[in-house]
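Chains as they are written, first to last, in numbering that gives the first Met the number 0: chain A, 0 to 392; chain B, 0 to 199.
Mixed in with the good hints, there may be bad ones.
[To be verified] Below are the DSSO-like pairs computed for lysine-lysine, each with C-alpha atoms no more than 27 Å apart in a straight line:
| no. | chain 1 | residue 1 | chain 2 | residue 2 |
| --- | --- | --- | --- | --- |
| 1 | A | 382 | B | 57 |
| 2 | A | 385 | B | 175 |
| 3 | B | 7 | B | 65 |
| 4 | B | 7 | B | 84 |
| 5 | B | 151 | B | 181 |
| 6 | B | 102 | B | 23 |
| 7 | A | 54 | B | 57 |
| 8 | A | 333 | B | 80 |
| 9 | A | 54 | B | 23 |
| 10 | B | 80 | B | 65 |
Think of the hints as simulated: they come from the structure by calculation, not from any bench.
Since the model is a prediction, treat every value here as computed from it, not as a measurement.
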Amino acid sequence: MTTQAVDQIFVTIKHWLVFHSPGVIQPAVSLLLSVLPLLIIFPSLFAVTTVLERKGLGRMQNRYGPNRVGPYGFLQPLADGIKALIKEDIVPIGADKLVHFLAPLLLVMTAFLEYAVIPVGRNMVVADMDSALVFFFAAGAAMEVSIFMAGWGSRNKYSLLGAMRAVAQMISYEAPLILSSIAVVMIAGSLSTTTIVERQSGFWGVWPYHWYVFTPWGMAGFILFMIAATAESNRSPFDLPEAESEIIAGYFTEYSGFKFALFFLGEYLGMFAISGLAVTLFLGGWAAPLSFLTFIPSWIWFFAKLMALIAGFIWIRGTLPRLRMDQLMNFAWKFMLPMTLVVIFSAGIWRFMPSGVVRWVVCAIPIVLLYVLLGRALMGGRKLEKRTYRFAE
Amino acid sequence: MLGIGIMKGLVETARNFFGSYTSKQRLTTVQFPDERLLQPEATRVFPFLVYDTDDWEKGLRCVACKICEVECPPRCISITKSADKKPDYSGIYSGKPQFYPEKFDIDVSVCMSCQICVEVCPFEAIKMDNAFELSTDDRFGGLLWQKERLAKPNSYYQAIHPTDAAESDAALAEKKAKAEAKPAAAAKPAPEKAGAATER
Numbered sequence: 000m001t002t003q004a005v006d007q008i009f010v011t012i013k014h015w016l017v018f019h020s021p022g023v024i025q026p027a028v029s030l031l032l033s034v035l036p037l038l039i040i041f042p043s044l045f046a047v048t049t050v051l052e053r054k055g056l057g058r059m060q061n062r063y064g065p066n067r068v069g070p071y072g073f074l075q076p077l078a079d080g081i082k083a084l085i086k087e088d089i090v091p092i093g094a095d096k097l098v099h100f101l102a103p104l105l106l107v108m109t110a111f112l113e114y115a116v117i118p119v120g121r122n123m124v125v126a127d128m129d130s131a132l133v134f135f136f137a138a139g140a141a142m143e144v145s146i147f148m149a150g151w152g153s154r155n156k157y158s159l160l161g162a163m164r165a166v167a168q169m170i171s172y173e174a175p176l177i178l179s180s181i182a183v184v185m186i187a188g189s190l191s192t193t194t195i196v197e198r199q200s201g202f203w204g205v206w207p208y209h210w211y212v213f214t215p216w217g218m219a220g221f222i223l224f225m226i227a228a229t230a231e232s233n234r235s236p237f238d239l240p241e242a243e244s245e246i247i248a249g250y251f252t253e254y255s256g257f258k259f260a261l262f263f264l265g266e267y268l269g270m271f272a273i274s275g276l277a278v279t280l281f282l283g284g285w286a287a288p289l290s291f292l293t294f295i296p297s298w299i300w301f302f303a304k305l306m307a308l309i310a311g312f313i314w315i316r317g318t319l320p321r322l323r324m325d326q327l328m329n330f331a332w333k334f335m336l337p338m339t340l341v342v343i344f345s346a347g348i349w350r351f352m353p354s355g356v357v358r359w360v361v362c363a364i365p366i367v368l369l370y371v372l373l374g375r376a377l378m379g380g381r382k383l384e385k386r387t388y389r390f391a392e
Numbered sequence: 000m001l002g003i004g005i006m007k008g009l010v011e012t013a014r015n016f017f018g019s020y021t022s023k024q025r026l027t028t029v030q031f032p033d034e035r036l037l038q039p040e041a042t043r044v045f046p047f048l049v050y051d052t053d054d055w056e057k058g059l060r061c062v063a064c065k066i067c068e069v070e071c072p073p074r075c076i077s078i079t080k081s082a083d084k085k086p087d088y089s090g091i092y093s094g095k096p097q098f099y100p101e102k103f104d105i106d107v108s109v110c111m112s113c114q115i116c117v118e119v120c121p122f123e124a125i126k127m128d129n130a131f132e133l134s135t136d137d138r139f140g141g142l143l144w145q146k147e148r149l150a151k152p153n154s155y156y157q158a159i160h161p162t163d164a165a166e167s168d169a170a171l172a173e174k175k176a177k178a179e180a181k182p183a184a185a186a187k188p189a190p191e192k193a194g195a196a197t198e199r
């Protein structure tokens, strides 16, 4: 079997199955075969990620993670799942029953919707839309609605506070998220994710020269995108909506049993989706990172890059403490927004200058300059010093 | 510059992450049921009744004087004195028959491990154990320990608390020597509580 055949094996199998099914149900079969693998793969990825995250965080804090259930504790998600399933499902008396019930379902559903436009391999995308990016961000915005439904429907002050925080945070960070991806759209000249991946293909020697992350604006855009993505998926250090030390569990305080598990699933699915988008926009999608590695199937590369970004999320979570609400907002509007605007500006220069070292330098200057200046201005002349404690020393 | 602190933090956590796989010293967790730390000698959790020789029923040191029952702050000890006397099987009461506890119960859930019963016992009959896994699925019967369960040999005491056991044995030996010397001098039985101040 050639590498080409291995690369396209899922596409070929799908076409074969569709071809051999009766003509009337062919569209339905085609749809099912596109959607079903996503519905299986990403939740199982969620299960694997939870245990890897707990183990990784443990190691970062110099302790073993879960290591009891199964070999090296890798069956832990199974035990967690059974526990969530057999728990009592409590709905508060004062809750808006319908909204309370619909919120977790809507969250997971919108998270799944986002996968429709992410190419997980060569020719492997559910819906190859022309305006895929718009669709992705629209679905992401629906997630905020479901989170607010959860907070409002629970009729609990903590839930409502968490939901308000979530909405404020997600709307604030949606701006830099979208603006940093606009830079990519400007250069690629398309909103379609498959076209964006195609524009980044090709090698310069062995290097993937065309990946947008290897340009000054792409590098800055990627970092800003990932920061905004962390806030969008409510991950530490931006996990204020579910800050357990302040507001218990935020918007899912009143959820128990399997609905609680659904919230976790939705959160992780959102994180995978947005990481997948980051891979697509900046890291060349499913393309191999080095020219002599192209024999490895494209879908393996996509998931490898995805997992690398997830590892980054976990690393950040193990490192940074939670921000305060005003710090969060200041960071979004005073730092992220100007930075993304200058990234767009830099991408504009990049588009109209001839390629070469000069272009690289000219595009890097405004970004670095603004970064340094903003850093100084936001510190406001304050100096960070080692704090001394009068009585604790 | 902005972001330097974050970089330092990331390096630190990365060092922890990889370090925990290479150096055992970083992982301070004791994986409890599999590996256990050696308990300090002074560990005390719950009292037990000391007996000499190999028969717990005959060799029990307790004479049911009920001092511990009265002194126990949370009142978790309950003793019924026997009607008859049993022979001095353990040989620390100069051969005289003694009363014995017909019933000696301690409630695990009430005991607060204060060791006052041990301090007040004049006969070195009750001591603190260091066994701490006392959980049970029977919340009434399983937490009220009868004397069968409380009785443990002196050799066990010597094993878990060597220093204290040596002191206790020395005090008993001294008492015994005094008791033997007295009848020789006064030619009449020594009072039961001669030299009762067993200092620890």
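Hint check:
1. A:382 - B:57: 78 Å, violated
2. A:385 - B:175: Violated, at about 67 Å.
3. B:7 - B:65: With Cα atoms ~65 Å apart, residue 7 of chain B and residue 65 of chain B exceed 27 Å; violated.
4. B:7 - B:84: Cα-Cα ~76 Å, so violated.
5. B:151 - B:181: 31 Å, violated
6. B:102 - B:23: 51 Å, violated
7. A:54 - B:57: 55 Å, violated
8. A:333 - B:80: 82 Å, violated
9. A:54 - B:23: 16 Å, holds
10. B:80 - B:65: Roughly 8 Å separates the two Cα atoms, so the pair holds.
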